[in-house]
Structures are given as C-alpha cells and as structure tokens.
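Undergrad: In the order they appear, the protein sequences are chains A and B. Quick note: the first sequence uses the numbering used here, first residue 403, plus one each step. Quick note: the second sequence uses the numbering used here, first residue 403, plus one each step.
Among the hints, a few may not be true.
Once the Cα atoms are required to be at most 20 Å apart in a straight line, the calculated DMTMM-like pairs of lysine to aspartate or glutamate come out as [said to hold, decoys possible]:
| id | chain 1 | residue 1 | chain 2 | residue 2 |
| --- | --- | --- | --- | --- |
| 1 | A | Lys712 | B | Asp728 |
| 2 | A | Lys530 | A | Asp507 |
| 3 | B | Lys579 | B | Asp741 |
| 4 | A | Lys743 | B | Glu720 |
| 5 | A | Lys750 | B | Asp696 |
| 6 | A | Lys712 | B | Glu756 |
| 7 | B | Lys421 | A | Asp729 |
| 8 | A | Lys711 | B | Asp729 |
No lab work stands behind these hints: they were computed from the structure.
Protein chains: 2
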Amino acid sequence: MKTTAVIMAGGRGERFWPKSRVERPKQFLSLTSDGRTMIQKTVDRLESLVQPEDIFVVTNESYAGLVKEQLAQIPGENILLEPAARNTAPCIGLAAAVIRKKYGDAIMMVLPSDHLIKFNQMFVDTLKTAISAAEKGSGLVTIGITPTYPETGYGYIHFGDGSGQPGVYNVRRFVEKPNIELAKEYYNSGEYLWNSGMFVWKASSIVTNLKKHLPDMTEGMQRIYDAAGTESFREIVAEEFPKFRSESIDFGVMEKASEVYTIPGNFGWDDVGSWLALERINRTNEYGNMIQGDVICINTSNTIVCGGKKLIATVGVENLVVVDTDDALLICAKDSTQDVKKVIENLKICNRNELV
Amino acid sequence: MKTTAVIMAGGRGERFWPKSRVERPKQFLSLTSDGRTMIQKTVDRLESLVQPEDIFVVTNESYAGLVKEQLAQIPGENILLEPAARNTAPCIGLAAAVIRKKYGDAIMMVLPSDHLIKFNQMFVDTLKTAISAAEKGSGLVTIGITPTYPETGYGYIHFGDGSGQPGVYNVRRFVEKPNIELAKEYYNSGEYLWNSGMFVWKASSIVTNLKKHLPDMTEGMQRIYDAAGTESFREIVAEEFPKFRSESIDFGVMEKASEVYTIPGNFGWDDVGSWLALERINRTNEYGNMIQGDVICINTSNTIVCGGKKLIATVGVENLVVVDTDDALLICAKDSTQDVKKVIENLKICNRNELV
Numbered sequence: 403m404k405t406t407a408v409i410m411a412g413g414r415g416e417r418f419w420p421k422s423r424v425e426r427p428k429q430f431l432s433l434t435s436d437g438r439t440m441i442q443k444t445v446d447r448l449e450s451l452v453q454p455e456d457i458f459v460v461t462n463e464s465y466a467g468l469v470k471e472q473l474a475q476i477p478g479e480n481i482l483l484e485p486a487a488r489n490t491a492p493c494i495g496l497a498a499a500v501i502r503k504k505y506g507d508a509i510m511m512v513l514p515s516d517h518l519i520k521f522n523q524m525f526v527d528t529l530k531t532a533i534s535a536a537e538k539g540s541g542l543v544t545i546g547i548t549p550t551y552p553e554t555g556y557g558y559i560h561f562g563d564g565s566g567q568p569g570v571y572n573v574r575r576f577v578e579k580p581n582i583e584l585a586k587e588y589y590n591s592g593e594y595l596w597n598s599g600m601f602v603w604k605a606s607s608i609v610t611n612l613k614k615h616l617p618d619m620t621e622g623m624q625r626i627y628d629a630a631g632t633e634s635f636r637e638i639v640a641e642e643f644p645k646f647r648s649e650s651i652d653f654g655v656m657e658k659a660s661e662v663y664t665i666p667g668n669f670g671w672d673d674v675g676s677w678l679a680l681e682r683i684n685r686t687n688e689y690g691n692m693i694q695g696d697v698i699c700i701n702t703s704n705t706i707v708c709g710g711k712k713l714i715a716t717v718g719v720e721n722l723v724v725v726d727t728d729d730a731l732l733i734c735a736k737d738s739t740q741d742v743k744k745v746i747e748n749l750k751i752c753n754r755n756e757l758v
Numbered sequence: 403m404k405t406t407a408v409i410m411a412g413g414r415g416e417r418f419w420p421k422s423r424v425e426r427p428k429q430f431l432s433l434t435s436d437g438r439t440m441i442q443k444t445v446d447r448l449e450s451l452v453q454p455e456d457i458f459v460v461t462n463e464s465y466a467g468l469v470k471e472q473l474a475q476i477p478g479e480n481i482l483l484e485p486a487a488r489n490t491a492p493c494i495g496l497a498a499a500v501i502r503k504k505y506g507d508a509i510m511m512v513l514p515s516d517h518l519i520k521f522n523q524m525f526v527d528t529l530k531t532a533i534s535a536a537e538k539g540s541g542l543v544t545i546g547i548t549p550t551y552p553e554t555g556y557g558y559i560h561f562g563d564g565s566g567q568p569g570v571y572n573v574r575r576f577v578e579k580p581n582i583e584l585a586k587e588y589y590n591s592g593e594y595l596w597n598s599g600m601f602v603w604k605a606s607s608i609v610t611n612l613k614k615h616l617p618d619m620t621e622g623m624q625r626i627y628d629a630a631g632t633e634s635f636r637e638i639v640a641e642e643f644p645k646f647r648s649e650s651i652d653f654g655v656m657e658k659a660s661e662v663y664t665i666p667g668n669f670g671w672d673d674v675g676s677w678l679a680l681e682r683i684n685r686t687n688e689y690g691n692m693i694q695g696d697v698i699c700i701n702t703s704n705t706i707v708c709g710g711k712k713l714i715a716t717v718g719v720e721n722l723v724v725v726d727t728d729d730a731l732l733i734c735a736k737d738s739t740q741d742v743k744k745v746i747e748n749l750k751i752c753n754r755n756e757l758v
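Here chain A stands alone, though its shape is the one from the complex (with noise of 0.2 Å):
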C-alpha cells in the first residue's frame, strides 16, 4: 500500500517569543545549530520512508509562503491550506480526504512539523513498524515515547498487552496531563507512555472512526472529499472547514476508537515546548550555560541565551533565559517560562501586533 506523510504545521506556538512570531511560529526557526528549521528537519528525517510528492503539509493559510519557501520539493498542490484553526481533528480529516481521493486508500503517517529526533534511524524504524501494524486492518497506531522522568507536560497513553506484532501494544486508555502525583505514578508503573501526537493508519481507518466518533463532520468531509482534486476544492474548504468544531485527534477520536495499538518509541523525541528545551537539544558548557551568539557570561550558570546581533553580557546570574531579537528582547527566569504568554497578551492588549 502506498505511504503517505501528513505534517500538521498549522501551530501558531507562542513559547518562541520573541523568536517565534505570528508571522513565523516555531515549526519555521532553527533552534539548532544545523540551521535546519524545525518543518525541514521533520521532511528530512522522511527522507528513507516516502517520495516528496507523497507528503503533505497542513498549514495555517497565511504559512503558504514560509511552506513553499522551506519546502521546495512538496508539490504545491501537497499543501493544503486550513481557512481557520480547527484544531487537530479536521486537521487530519482534511488531509484524509485528499488522500482518499488520490490514492483510494494509503498508510497516513501523521506528524508534528515541530519537534525533534535525535535518532533517526530509530524513529525510522519504529515508523515502518507502525506502517506494518497499520497495513494489517483498520486499527489506529500511535507512536509513545518511553517516559525518562515524570513530566506534566504530555498526555499519557495507557498501554496493556501485546497485539501480537512484536513492539506493538494495545492501548487501555489515553489520558491527560497528569499532576506531579499522578505523573510519578505513571511513570514509576512502567505501563505509562508519553503521547507523542504521531500516528499511523489507512486513510479508510480514520475515516471510519471520524465518521463513528466524530459525525457532524461527516457531511462537510464528504463535500471537501468529493472537491479533492477538482477546480472548486479551495471553494468547498472555505466554505466546510470553518464549520467544523475545534477538536483534537486525541479527545475527538483516539480515546474513544476501539481498535488503537501504540509502538513505544525511544529515539530521542523532544517536543520542544519552551525555551527550556534549548539546554536538552544543544550542547551546555561546564557551566551549564547553553549559549548562541556573542555572549561573555561572568559568574552565570544554568542559564539559556540565543543572542542576536549585539553582545550580551550576563554578569552574576543563573537560571535565566535571554533571547534578543531585533526588535524584542527578552529576559525570563526558567521557573517562568510558561508566563511569556503573558507578554503577548500584553501586546496584543496594546495593540502592538507587529510584535506579537
């Protein structure tokens, strides 16, 4: 059966600011120092499992550009552009049906443009035998991640016996993030997994558990699915997708699908959620410091700074992120990252949106 690749890139990720802009979310910087951006280096690691022309980015409309800009091999017509933020779940339907109606039926890989590997050929790996397991019936595979510390940040997925496929399990259940408690529990119990947000299945396989669990969207798909491939497809989008209801994937469909298996993954997955990921995908010094740019640190440890075009010079700190950009800079204890929104809605607010 034909594999297909389906990169959700439509994240408008506010926890890069000031790197990350409206304009130019996460998925579209480089936080390494391969100069790769995120979405670039996610197409990349396909390279072994898929043709260019079998990828598909879904994306925010106003990303066309920065797509086409970064992704010069995928065929234009393989972008396909949501006209309003429904989350996950129409996300994938979209996809679903353009590929259905291309293929008939095809292996969907389902990924994030905005998070990274460090073993690739392990990710790889794990994905072919999420295609294999997919290929076998009509079940929804899921990629977990094998927990290294309690976090609070991932919904986790239960997961009970083999599915008879070597490395492949049944899934109990999926559940949100979880307390300290909770998530000490979890990850002490050894039946816990990370949701990574990566799947695996036929087209005809979510298709059917969209329908089952999801059928007010049923009627809009079946509109956008017969536009696939014809003059007024844009026309039909905009007019259905904005209907649909923002539902993710995971709450929409996947904890209620009777049929899911996941594939614990161990390849180095980072989500990159916050600044503070810097220090985990980069080299630290001896100090603890992870530093880009012109930097002189005096006395600073465990401190995060992306320098722009001037220097910096930390003196007698720790635990503090430091971005400067050209027209923003921002200083942030690593305890408060999660508050960066707060700047934004601060701008915004002001109606300062050229910085948002």
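Use these hints to put chain B onto chain A, whose structure you have.
TA: Chain B in isolation, oriented as in the chain A frame:
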C-alpha cells in the same frame, strides 16, 4: 576674592558599561530624566556662585570635544587638558597654577563632574559657608556628607571640634574605605562624615600644601605656572605633566595637611557609583522597578531596566540590572555590579576595543 570652580572630568569610570564607554564616560551621560548630562548638571548647580568664565574643567585630552559640546558657555582656554591620567593631585595642581597666574589668587571650589545633588540650594549654601571659611586664612576645606547608612564604598572624615565659624569643623583625620564593621562603628559614632571629594580653598593655600607634601611636583608645577597664559603652555604641560606621580589629593595632601576643615553637607548627595544608583536617583514603581524605555515587566521586582531602542520583556525575575544599547546588552545581578569591570577586561583581552 574672586571665586572659581574647578570641575574634575578626567574619569574613565567603567561602572556604567555598556552605556558608558572609554569614549564617553559617566560624566558625559544623562542618567536622569531631565536629559542633562552629569557634567552639565554639575555646572548648572554653580550658576549663582560663579560666572562661566571662572569655571575651569580639567579633563583628559580625548574628552575635549565632549566638554566643548556639552559646556559651550565655558571659554575654550578654561578647558585644561591632561596629557596623561595622574589622579587628582596633579589635576588640582594644574588648575591651581592656571588660576594663580590669571587671578593672582582666588578661591577654588574643586568639584567632581559625575555626582548628583538633590537639594541645590542647600548645596550652594554649603559652598558659600566653605568659601567664607577658606577666605579667612590658609586652611583647606572639604565638604563632608552626613552619612545615612554604614557605606563601605566611601572614605570617611573623622571630624573634631568646631573651628569657631558655625558649621565648620576641624578634621582629625581622613580614613580609607572601611570594612562593614568599621563602617558601622563610624556611622554610629556620630563623629564621621563621608568624604565627598569636594574641596574649597585658596589657590595659594593648596599650592603651599602641594609644595610641602608633594615636593617632587614643585619644579614641574613652577614651569607650568610660568607657561600659563603663554603660547608654550600646552607644550610645557605635555612635557611636565606626564612626569608627575599618580597621586590622589586625599592621600597626597589632605591626610597630611595640618589646617583642614570640614563642612557637613546634607544636600541629597549621590556619587552615582554603580547602576544601583539609578533606583536611588530615579523613581521606582510599586514593585521596586526602575524602568526606562519600552519595557514590559511580568512578575518582576526590584529590577533596573534601561532600555534602548527595542522592546524589553522581563518575566519572573528580581534584583537584576538590564542595560540595552545599540551594540551591547548587560544583564547583571544587583549584587554583582562590581563585576561589570570583568566584562570590560574580557573585551580588552579580546581586542574588542570598540565595545570598551
């Protein structure tokens, strides 16, 4: 007797980096909201006491342009250029030579160019008392500051009995910067004042004392005196001045002279010794933050932010000093402002003199 003012403006203070640079040290910066520079405010304060043509500025050759630009009212010949940095004793000797040659004798008010004073009228009144005391004989008068806490960064003046003139006291001795225990002793005793580095005397009185206590300067100073007001003045200064030993007036003369008086001043004096001064001399908000420029503070307290051209957002931080300029940014813990000089040392070692 004619009253003159001698403004000492040769300092290369590094403690306001990155706003101050070797090319433009603190006295030529504005650190207050009125936009006047420190040296301009120094001269402004003297308006009711001396005419501009009786104000002399002693500075480094490289600052001649800045002095002329910022103090256009002062005659060019009153700007005395030191060909080398030799601390305050040779600086004052140079001014005394020029003033004696021009006026025979005159009162000299010797004033630093980089301090701030809150209560101008009280300051002027204190200087008037000092002038009157200096005119009476050949004594050296120093302005002491009533201490408000046990500061360890200043020298102290141990004062004794009244001199006969109200508000004028005999000096028992000058003492160097104390440790905190001694500073507390001085502060609690009620017998000590802060040494402000402001002096009032007759030119003849200080020349007599320079001859007595720094005799190796005598010959050079005589040559400078002889050349003052002639075409060979600059040449002779260039020849003689660099030969002087580097010596402070406090250590070289005041600590040894016999007829020394002090006048306690209580006029809101601040030596603006580091970035921390900004929160004393400017208004802080309800969170204890001193903010200049375009700044958004989220959960930020007791922090000093001197913005430049871009937005600065601080999140979850406290007790920081943030100073942004076009080509350098400082982020410094408040208790580490003395270490800013290490940044400058580092820049010098790396030959990055454009940033020093």
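Undergrad: Name the hints, by number, that the structure is in violation of.
TA: Of the numbered hints, all hold.
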